[in-house]
Amino acid sequence: MFFILKERWIQGYNTSAFPKVAPILSPRFVGTPQIKGACATNCTACKDICPSDAIKLETKPMIDLGRCIFCKDCEDVCEEGVISFSNEYRLAQTSREALHVSGEIEHIGMLVKREIRALFGRSLQLRQISAGGCNACEADLNVLGTPTYDLARFGISFAASPRHSDGIIVTGPINEHMREPLLRTYEAISEPKIVIASGACAISGGIFHANDVCSQGLDTLLHVDLYIPGCPPHPYTTLHALLNYLGKL
Amino acid sequence: MEDFKPFFTNPFASPIDAIPLLSEDLFWDKVILAVNEEQFRVLSLFSASLKQTWQIWIVLGNDATGLIKVGRFRVVDNAYTSRTELLSCIHLFEREIYEQSGILPRNHPWLKPVRSPHQSACSQMDFYSIEGEDIHEVAVGPVHAGIIEPGHFRFQCYGEKVGHLEISLGYQHRGVEKALLGMPKANHLKQVEALCGDSTTAHSTCYAQNMEALTGIKISEKEALIRAILLELERIANHVGDIGALSGDVAFLTTASYCGKLRGNILNLTAQITGNRFGRGGICIGGTRYDIDYALAQTLKTQLKALQPKIMGAIELFFRSPSVLDRLEKTGIIPQEWVMAYGFTGLVAKASNCLRDVRTSYPYGSYIDRDLKTSLEKSGDVFARAKVRKEEILICFELVQTLLKELEMIAHVQIQKQQNTALPAEYFSFSMSEGWRGGVAHTIITDDKGDIQRYKVVDPSFFNWTALSLAMRDGQISDFPLCNKSFNLSYCGFDL
Ligand code: SF4
Ligand code: SF4
Numbered sequence: 001m002f003f004i005l006k007e008r009w010i011q012g013y014n015t016s017a018f019p020k021v022a023p024i025l026s027p028r029f030v031g032t033p034q035i036k037g038a039c040a041t042n043c044t045a046c047k048d049i050c051p052s053d054a055i056k057l058e059t060k061p062m063i064d065l066g067r068c069i070f071c072k073d074c075e076d077v078c079e080e081g082v083i084s085f086s087n088e089y090r091l092a093q094t095s096r097e098a099l100h101v102s103g104e105i106e107h108i109g110m111l112v113k114r115e116i117r118a119l120f121g122r123s124l125q126l127r128q129i130s131a132g133g134c135n136a137c138e139a140d141l142n143v144l145g146t147p148t149y150d151l152a153r154f155g156i157s158f159a160a161s162p163r164h165s166d167g168i169i170v171t172g173p174i175n176e177h178m179r180e181p182l183l184r185t186y187e188a189i190s191e192p193k194i195v196i197a198s199g200a201c202a203i204s205g206g207i208f209h210a211n212d213v214c215s216q217g218l219d220t221l222l223h224v225d226l227y228i229p230g231c232p233p234h235p236y237t238t239l240h241a242l243l244n245y246l247g248k249l
Numbered sequence: 001m002e003d004f005k006p007f008f009t010n011p012f013a014s015p016i017d018a019i020p021l022l023s024e025d026l027f028w029d030k031v032i033l034a035v036n037e038e039q040f041r042v043l044s045l046f047s048a049s050l051k052q053t054w055q056i057w058i059v060l061g062n063d064a065t066g067l068i069k070v071g072r073f074r075v076v077d078n079a080y081t082s083r084t085e086l087l088s089c090i091h092l093f094e095r096e097i098y099e100q101s102g103i104l105p106r107n108h109p110w111l112k113p114v115r116s117p118h119q120s121a122c123s124q125m126d127f128y129s130i131e132g133e134d135i136h137e138v139a140v141g142p143v144h145a146g147i148i149e150p151g152h153f154r155f156q157c158y159g160e161k162v163g164h165l166e167i168s169l170g171y172q173h174r175g176v177e178k179a180l181l182g183m184p185k186a187n188h189l190k191q192v193e194a195l196c197g198d199s200t201t202a203h204s205t206c207y208a209q210n211m212e213a214l215t216g217i218k219i220s221e222k223e224a225l226i227r228a229i230l231l232e233l234e235r236i237a238n239h240v241g242d243i244g245a246l247s248g249d250v251a252f253l254t255t256a257s258y259c260g261k262l263r264g265n266i267l268n269l270t271a272q273i274t275g276n277r278f279g280r281g282g283i284c285i286g287g288t289r290y291d292i293d294y295a296l297a298q299t300l301k302t303q304l305k306a307l308q309p310k311i312m313g314a315i316e317l318f319f320r321s322p323s324v325l326d327r328l329e330k331t332g333i334i335p336q337e338w339v340m341a342y343g344f345t346g347l348v349a350k351a352s353n354c355l356r357d358v359r360t361s362y363p364y365g366s367y368i369d370r371d372l373k374t375s376l377e378k379s380g381d382v383f384a385r386a387k388v389r390k391e392e393i394l395i396c397f398e399l400v401q402t403l404l405k406e407l408e409m410i411a412h413v414q415i416q417k418q419q420n421t422a423l424p425a426e427y428f429s430f431s432m433s434e435g436w437r438g439g440v441a442h443t444i445i446t447d448d449k450g451d452i453q454r455y456k457v458v459d460p461s462f463f464n465w466t467a468l469s470l471a472m473r474d475g476q477i478s479d480f481p482l483c484n485k486s487f488n489l490s491y492c493g494f495d496l
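Chains Z and P, in that order, are what the protein sequence lines are.
So for the first sequence, the numbering used here puts the first residue at 1; every next one is plus one.
So for the second sequence, the numbering used here puts the first residue at 1; every next one is plus one.
Don't take every hint at face value.
[As the list claims (entries may be wrong)] Distance condition first, Cα-Cα at most 25 Å in a straight line; then the derived SDA-like pairs of lysine to any residue: (1) Z/Lys6 - P/Thr254; (2) P/Lys178 - Z/Pro181; (3) P/Lys387 - Z/Phe3; (4) Z/Lys60 - P/Lys185; (5) Z/Lys113 - Z/His164; (6) P/Lys112 - Z/Pro181; (7) P/Lys112 - Z/Val213; (8) P/Lys310 - Z/Asn142; (9) P/Lys178 - Z/Val213; (10) P/Lys390 - P/Asp326; (11) P/Lys310 - Z/Gln11; (12) Z/Lys47 - P/Pro363; (13) P/Lys301 - Z/Tyr13; (14) Z/Lys56 - P/Lys112; (15) P/Lys387 - Z/Ile10; (16) P/Lys390 - Z/Gly12; (17) Z/Lys72 - P/His412; (18) P/Lys405 - Z/Ser26; (19) P/Lys218 - P/Pro363; (20) Z/Lys72 - P/Ser220; (21) Z/Lys56 - P/Ala186; (22) Z/Lys72 - P/Pro363; (23) P/Lys405 - Z/Arg28.
No lab work stands behind these hints: they were computed from the structure.
Quick caveat, the model's predicted, so the values are computed rather than measured.
Please work from the sequences and hints to get the whole structure.
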């Protein structure tokens, strides 16, 4: 007992002051892209290098944040400096279209809907389903339960059974072998329920989108209420997304 | 060509022609001789279709000398005689060969699909079952209660006692090996990074080393150091997380919550180097993507120094508590003979007093000529696996400090980003690195145009899931979560 108390004193208080205080991320963290200026004629360098097929080129590049794995390779090859990534970690959106970036985005707006807030604002229980996830997305969801993020203080937690849940949060490219278990878990939850796609894989198939046993994203199967980009999404991206969606910011 | 000659060292590339092509019987005689008499073990065994004919390839390694030998035979009539009864460690490899290529290992004792029952040549999915009035079956998964990857466990129980546990995987199969074929492209490295997302650096190092061996690129001393630093940080983070998870499973929540948090701190150190907490984008063909300059090396050193006593303190609490030790000791024992017979590797082998570590046996990059400390335990139980992790964390802290010190001396050197990936035609390459679970091995075979014809991945979990299954025999079903955590194997690394 003495050692436990002593260790508690050494370890100190660990929970972050988020959302009151903004988190400090690595200066190398790759967040939202900004697209400005004009491309060199006939240049397709960014589109060619993108490992995830996330860039469409018309007069300017358009980056699909649902596909992007934030590797920054496109920024590196762009000689005109058209693409530049910021440190902004607040990335989630409630519609797929809103993830398409072709200009300068300031900051995402409020995502809350009144009925969602009324239903789940005080308590949200989520069932996590990994459908081909590589265990990085899963690990960074798990971490929300640790003292640093302490998700439970916001009334959100992960439930062990779909019967106790208000929705699902899905990771991975929803490969063939997990499609049915995923749908069956979803069906086991009673209405009303929400669906969250977490990570590039779940949103669009991510880097696996062209593999024949992987899907093009969760919304090919179910209506998705919240999209959280990243590969994997930073825990603060997820935390901000959930709080924003529930109107707790 | 009589024997499997020449010998190679990790990593290497060789023209296919130089690899001896034997007859089936001679091939297996040599393999069995090498394993039984010459202390070689099987690192990889797979089928490859070369010029429209199927061949079976094997890669054997000698842990004591670091020598690697490769052999192959041509398959006749789409079948050969299974050698699983003589060589238990290839039981899964042979099942995999059947599934991936349809080549029948005749008389295989348990020829079930490995990952894809629908695509497999055999769709026999019956579970092993024990008959008897008092026997009951417990089925768990694929979707589990926690935030964890999917897999199915089938227990045959007599009361609380487990007679047999069958582990049925494949739910995570994303077709990665197939996606890596053809001309090398940027997407390949990213899929390799996510092959097993908690071992990003281990797998991407293997991929890069193969590409470099094939194209003759040499990486600089500094880049090798950065790779090793990323790899060791990965090891610390996962080991700390695992000890936290183990203490969660025995309801010792103090260590569980400290370790959960402290693991995050280590991930954040990785993020300071690569911007990503899992080291994504850290390694590229020809070196590393991100530099560590003098200032960053200093910061990392200071932060590691501050974290070390906190991590060791949190872990010490766990090992000091008699009620915790009582749960860990004598649970899920893997005797050393099983390690030898089934080819268990990495952490599981070390906990059963068998040193299997690519960094010391087949050194590569920064591990060459390094006097690396290792940790071994004798008891082979959950306690031993936890203890090996604890010791390794301590060793890694020292190691990363040393690596950073060496890096500081050459901090001014610029890292170079090469991306030359045109591969030579009809080549074979093999590379290994030591992930936190154990040795990861990748193999590439190119065709006559220099495209990748075969990509074979062996994650340590491929060997070690069998260990979990055996560890549960005659144990209590209530010990399963604890036992499972003590291995903490990868689903997607196995399922590919
Ligand atoms: S940062 Fe995103 S858009 Fe740019 S290359 Fe990487 S994946 Fe493609
Ligand atoms: S989005 Fe990235 S981190 Fe998440 S499961 Fe897919 S590959 Fe892994």
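Tested hints:
Straight-line distance between C-alpha atoms of Z/Lys6 and P/Thr254 comes to about 12 Å, which keeps the hinted pair within the 25 Å bound. Under the criterion of a C-alpha separation no larger than 25 Å, the hint pairing P/Lys178 with Z/Pro181 is consistent with the structure, at around 24 Å. With a CA separation close to 20 Å, the supplied pair P/Lys387 and Z/Phe3 stays within the 25 Å bound. As the CA atoms of Z/Lys60 and P/Lys185 are separated by approximately 24 Å, the hinted pair is consistent with the 25 Å bound.
Of the supplied pair hints, the one linking Z/Lys113 and Z/His164 holds, its CA atoms being roughly 23 Å apart against a limit of 25 Å. For the given pair, P/Lys112 sits about 21 Å from Z/Pro181 by alpha-carbon distance, which is consistent with the 25 Å threshold. For the suggested pair P/Lys112 and Z/Val213, the alpha carbons sit about 20 Å apart, so the restraint of at most 25 Å is met. Among the hinted pairs, P/Lys310 with Z/Asn142 is consistent with the structure: their alpha-carbon atoms are about 21 Å apart, no more than 25 Å.
Between P/Lys178 and Z/Val213 the CA atoms are separated by roughly 10 Å; this keeps the pair inside 25 Å, and the hint holds. Taking the CA atoms of P/Lys390 and P/Asp326, the gap is near 17 Å; set against the 25 Å cutoff, the hint holds. With a CA separation close to 7 Å, the supplied pair P/Lys310 and Z/Gln11 stays within the 25 Å bound. Between Z/Lys47 and P/Pro363, the direct Cα distance comes to roughly 38 Å. Violation of the 25 Å bound is thereby established for this hinted pair.
With a C-alpha separation of about 23 Å, the suggested pairing of P/Lys301 with Z/Tyr13 holds against the 25 Å cut-off. At roughly 44 Å between alpha-carbon atoms, Z/Lys56 and P/Lys112 are farther apart than 25 Å, so this suggested pair is violated. The suggested pairing of P/Lys387 with Z/Ile10 holds, with an alpha-carbon distance near 23 Å, which does not exceed 25 Å. Distance check on the hinted pair: P/Lys390 and Z/Gly12 sit about 22 Å apart at the alpha-carbon level, within 25 Å; holds.
About 24 Å separates the Cα atoms of Z/Lys72 and P/His412, which keeps this hinted pair within 25 Å; it holds. For the given pair, P/Lys405 sits about 22 Å from Z/Ser26 by alpha-carbon distance, which is consistent with the 25 Å threshold. Under the criterion of a C-alpha separation no larger than 25 Å, the hint pairing P/Lys218 with P/Pro363 is consistent with the structure, at around 16 Å. Restraint check for Z/Lys72 and P/Ser220: satisfied, since their Cα atoms lie roughly 23 Å apart, inside the 25 Å limit.
Distance restraint check for Z/Lys56 and P/Ala186: the Cα-Cα separation of roughly 17 Å lies within the 25 Å cut-off, and the hinted pair is therefore satisfied. As the CA atoms of Z/Lys72 and P/Pro363 are separated by approximately 32 Å, the hinted pair breaks the 25 Å bound. Between the alpha carbons of P/Lys405 and Z/Arg28 the distance comes to roughly 22 Å, so the proposed pair stays at or under 25 Å and holds.
Of the numbered hints listed earlier, those contradicted by the structure are 12, 14, 22.
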